[in-house]
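Sequences and hints are given; from them, build the entire structure.
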Amino acid sequence: GDSVTQMEGPVTLSEEAFLTINCTYTATGYPSLFWYVQYPGEGLQLLLKATKADDKGSNKGFEATYRKETTSFHLEKGSVQVSDSAVYFCALSDRNDMRFGAGTRLTVKP
Amino acid sequence: ETGVTQSPTHLIKTRGQQVTLRCSSQSGHNTVSWYQQALGQGPQFIFQYYREEENGRGNFPPRFSGLQFPNYSSELNVNALELDDSALYLCASSLRVNTEAFFGQGTRLTVV
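Chains as they are written, first to last, in my numbering: chain X, 1 to 110; chain U, 1001 to 1112.
Please note that a few of the clues may not be correct.
As the list claims (entries may be wrong) - If you want a taste of the chain X side facing chain U, the calculated C-beta under 8 Å gives, among others:
| no. | residue |
| --- | --- |
| 1 | Gly29 |
| 2 | Phe34 |
| 3 | Tyr39 |
| 4 | Glu42 |
| 5 | Gly43 |
| 6 | Leu46 |
| 7 | Lys49 |
| 8 | Gln81 |
| 9 | Ser85 |
| 10 | Arg95 |
| 11 | Asn96 |
| 12 | Met98 |
| 13 | Gly101 |
| 14 | Gly103 |
| 15 | Val108 |
Simulated from the structure, these hints should not be mistaken for laboratory data. All residues carry an ideal CB built from backbone N, CA and C; glycine is no exception.
Okay, here's the thing in structure tokens:
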């Protein structure tokens, strides 16, 4: 079945460092891909999305490109801030459900 | 525009009891999905409702059941609670099937 694998954490960075969180997927169809962020004690918030190959999703300085040839959707940010500390989930949606990765905890230190 | 709201926020139940969790979808959204998120893990799909009908189900036993009402709000019912049912239960609504989901804050269920 469809699945998502994302880089294991936790990831600890200094403020203004470059961030990459790897995400690869397995799907039989043509899924839409998402990144969600979860702050402590809260539900998930949509960060960005891409619905077809070569689409780039972007929001709040975060970017991810839908790469069909490598089945990847890596999350990047050029300069992280302390406020970016959270758990990040990669997800795919192909039919009527959404499959999530296990999540990557990011901590950004001042 | 109000977002997705869930109630209650926290709940403690005893093993063997039954529980009902509630969700109000975002205005205009006719699709509601429920997820179980165990501590330190990603959300797992329980089921989805579209226009009051179940529209897909994950790998959860029949004691997990749901309803969607004409105003598109939804309930998740769990019978015969087990200790492993302790988790954060998330409700998400979508404008239509297979589009991005908007999540509520979740209900933290503890089974003792």
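Hints versus structure:
1. Checking X/Gly29 against chain U by beta carbon gives a least distance of about 10 Å; that is not within 8 Å, so the hint is violated.
2. Below 8 Å, beta-carbon pairs count as interface contacts, and X/Phe34 has one with chain U at about 6 Å; its hint therefore holds.
3. Checking X/Tyr39 against chain U by beta carbon gives a least distance of about 10 Å; that is not within 8 Å, so the hint is violated.
4. Interface hint status for X/Glu42: upheld, as the beta-carbon distance to the closest one in chain U is roughly 6 Å, under 8 Å.
5. Interface restraint check: X/Gly43 against chain U, minimum CB-CB distance 4 Å, threshold 8 Å, status holds.
6. Checking X/Leu46 against chain U: minimum C-beta separation of about 5 Å stays under 8 Å; hint holds.
7. For the restraint placing X/Lys49 at the interface with chain U, the shortest Cβ-Cβ distance is roughly 5 Å, inside the 8 Å limit, so the hint holds.
8. Among the interface hints, the one on X/Gln81 is violated; its C-beta lies about 23 Å from the nearest C-beta in chain U, farther than the 8 Å criterion.
9. For X/Ser85, the suggested interface contact is broken, since its CB lies about 16 Å from the closest CB of chain U, more than 8 Å.
10. Nearest Cβ of chain U to the Cβ of X/Arg95: about 7 Å, under the 8 Å cut. The hint holds.
11. With a least beta-carbon distance of about 4 Å to chain U, the hint placing X/Asn96 at the interface is held under the 8 Å criterion.
12. Given the 8 Å rule on beta carbons, the hint for X/Met98 holds: about 6 Å separates it from the nearest Cβ of chain U.
13. Interface hint at X/Gly101: satisfied, since its Cβ lies 6 Å from the closest Cβ of chain U, which is below the 8 Å cut-off.
14. Against a cut-off of 8 Å between C-beta atoms, the interface hint on X/Gly103 holds, since the closest Cβ of chain U lies about 5 Å away.
15. Given hint, X/Val108 at the interface with chain U, is violated; its Cβ is 20 Å from that chain's nearest Cβ, farther than 8 Å.
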